[in-house]
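Per my numbering, the very first residue in the sequence shown carries number 873; after that it's consecutive.
Honestly, the hints are just simulated from the structure, not real lab data. Small disclaimer: the values here were computed from a predicted structure and weren't measured. Just so you know, even glycine gets a beta-carbon here, dropped at the ideal spot from N, CA and C. Be aware that one or more of the hints could be misleading.
[To be verified] DSS-like mimics (lysine-lysine), calculated; alpha carbons at most 25 Å apart, straight line:
#: 1; residue 1: K922; residue 2: K962
#: 2; residue 1: K1015; residue 2: K983
#: 3; residue 1: K927; residue 2: K1075
#: 4; residue 1: K1232; residue 2: K1097
#: 5; residue 1: K1031; residue 2: K1268
#: 6; residue 1: K1232; residue 2: K1356
#: 7; residue 1: K951; residue 2: K927
#: 8; residue 1: K983; residue 2: K1036
#: 9; residue 1: K1031; residue 2: K919
#: 10; residue 1: K1268; residue 2: K1015
#: 11; residue 1: K1097; residue 2: K1111
#: 12; residue 1: K1321; residue 2: K1357
#: 13; residue 1: K983; residue 2: K951
#: 14; residue 1: K1268; residue 2: K1291
#: 15; residue 1: K1036; residue 2: K1026
#: 16; residue 1: K1302; residue 2: K1268
#: 17; residue 1: K1075; residue 2: K1111
#: 18; residue 1: K983; residue 2: K927
#: 19; residue 1: K1135; residue 2: K1111
#: 20; residue 1: K1089; residue 2: K1302
#: 21; residue 1: K1036; residue 2: K1268
#: 22; residue 1: K1111; residue 2: K1089
#: 23; residue 1: K1135; residue 2: K1195
[Claimed, not checked] Label-pair restraints from in silico Cβ distances:
#: 24; residue 1: N893; residue 2: K1036; range: 25 to 33 Å
#: 25; residue 1: R1201; residue 2: I1155; range: 33 to 41 Å
#: 26; residue 1: S932; residue 2: I1155; range: 43 to 51 Å
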Amino acid sequence: MIGCGSMGGGMAMLFAENGVNVSLSDPAEATMDSVIDKAEKAGYHGKLSKYTDYKSLCSSLSQPRLLVFSLPHGNVGDKVLEGLMPSLSKNDIVLDCGNEHFENTERRQKKCIEPGIRYIGCGVSGGYQAARAGPSMCPGGDKSALEEVLPLLKRVAAKDKNGKPCVGIVGTGGCGHYAKMIHNGIEHGMMSAISEAWGIMRKMGLGYEEIGDIFAKWNDWGELKGTFLVSIGADLSHKREPGSKPEKTPDNHPLVISEVLDKVVQDITGEEGTGVWSNTEAIEQHIPAFTLNIAHGFRLASAYRGSREEANKTFSGGFPPQKLDIGDRTTFIEDLHRATYAACLASFIQGLNTIAAADKTHGWGINYAEIWQIWRAGCIIQADSISDEILAPVLKAPNANHSTINLLNNDRAASSVRKCYPSLRRVVAKVVETDQVAPALSATLEYFKVVTGTDLPTSFYEAELDYFGSHMFDKKGDQDNEIKKPMEGKHHFEWKPAVSQKETYGYTGTKQ
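Sequences are here, hints too, so could you generate the full structure?
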């Protein structure tokens, strides 16, 4: 185990719990000592040992060696791999379990071909708690290496409600890290929608614990049943910090959530790159991902607390959310429930369409049934109702591939969206009317209008592009099937002929 922080240390303990001897490597010897101490106290005597150089580390392992990376993304992995190379042998396996960019993974895979090292990019989800208890694992790369490590990964991975491991061979190349990257993009869309629902309920005057109870009900039944992010929202709403100074809140309890500042910084500090990459990839793959894009923008804006405070002064207090006076709270909260579900489902649609486009581009041959299983438990985007009712029939279909998994073309998904759409529209209308903060919910409404629309105002957009750029356009009534594809139009109109500078300004540029 190379890298023994919260994730690597937790996984080392998990392997030891399952009877595996683990050799530790970390720049901080105290970090290794801490993990070994925890293992001894847990009864895993002698299962963990530490090494301060790569030669002795590799000598401690039987061949073919399995080296698990739990490292920060970027050049750290390159430096570690470079340092290991002299001590590795043909057929050794590197299992990179960090949140690495898929292009870095594929570059290292190519580098390892000549010496015969097999490099697997394995996304790991569930946070540090899951790293210890059993995470969701998403490996991709060399088939022989994947088949060798899979029995071990099945032992330690999270198990779904039927006891099936949440791990499987996803495909070739860097697709394991790619799927995990998009998993995180979906996660951010879902988190934004859920936090927006929380904020709206706060402006309705509901107390923190009241909202927690509502989240618990959402997690127990309905469209958001078994949704991990909803379940932890219910849990954290009741957590108190002993000895903390109580804040005067409507429910008058010293709850930890009452003291948390509105600031998400992981994208700025660099500790989390997947939020940036997932949005970049959606754009690179030409996938409309309104919910994911705006959720990321929301996170970025929240990070700059100081800038927001300055702008608030400049704008004389800004545009603060008004108190929500709702006559029928029960009905509105159910509308909010369905609106939140719609945004979560939209996040899955947008994320899966991005994966499918990349799969087509890179030729990974992704096994979508395995992705479905990997997301069943142990991961942040676990959503039992969405998984069972919407995703399973599509991703588990015998012929599932990058051209068949678009949920926008699925009757069951369409029916679910149509059912929730009126609630989403009512919530967004109230949000706009009272200046509530709900970018992901609002963007989701626009997303479903746009991707199902056949009378968009982009006809005017296209005309203006042709006006100044001669970019061509298609005409209504054209029978060519190519007008349905994203291809350049066949028509141009000379809206305004190009004329000389003298004709435009009455003189040439040489005249002063």
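Now the hints, each set against the structure:
no., hint, result
1, K922 / K962, "holds, 24 Å"
2, K1015 / K983, "holds, 17 Å"
3, K927 / K1075, "violated, 60 Å"
4, K1232 / K1097, "violated, 32 Å"
5, K1031 / K1268, "holds, 18 Å"
6, K1232 / K1356, "holds, 20 Å"
7, K951 / K927, "holds, 15 Å"
8, K983 / K1036, "violated, 34 Å"
9, K1031 / K919, "holds, 24 Å"
10, K1268 / K1015, "holds, 21 Å"
11, K1097 / K1111, "holds, 22 Å"
12, K1321 / K1357, "holds, 19 Å"
13, K983 / K951, "holds, 13 Å"
14, K1268 / K1291, "holds, 24 Å"
15, K1036 / K1026, "holds, 9 Å"
16, K1302 / K1268, "violated, 38 Å"
17, K1075 / K1111, "holds, 21 Å"
18, K983 / K927, "holds, 20 Å"
19, K1135 / K1111, "holds, 19 Å"
20, K1089 / K1302, "holds, 23 Å"
21, K1036 / K1268, "holds, 15 Å"
22, K1111 / K1089, "holds, 18 Å"
23, K1135 / K1195, "holds, 22 Å"
24, N893 / K1036: 25 to 33 Å, "holds, 27 Å"
25, R1201 / I1155: 33 to 41 Å, "holds, 40 Å"
26, S932 / I1155: 43 to 51 Å, "holds, 45 Å"
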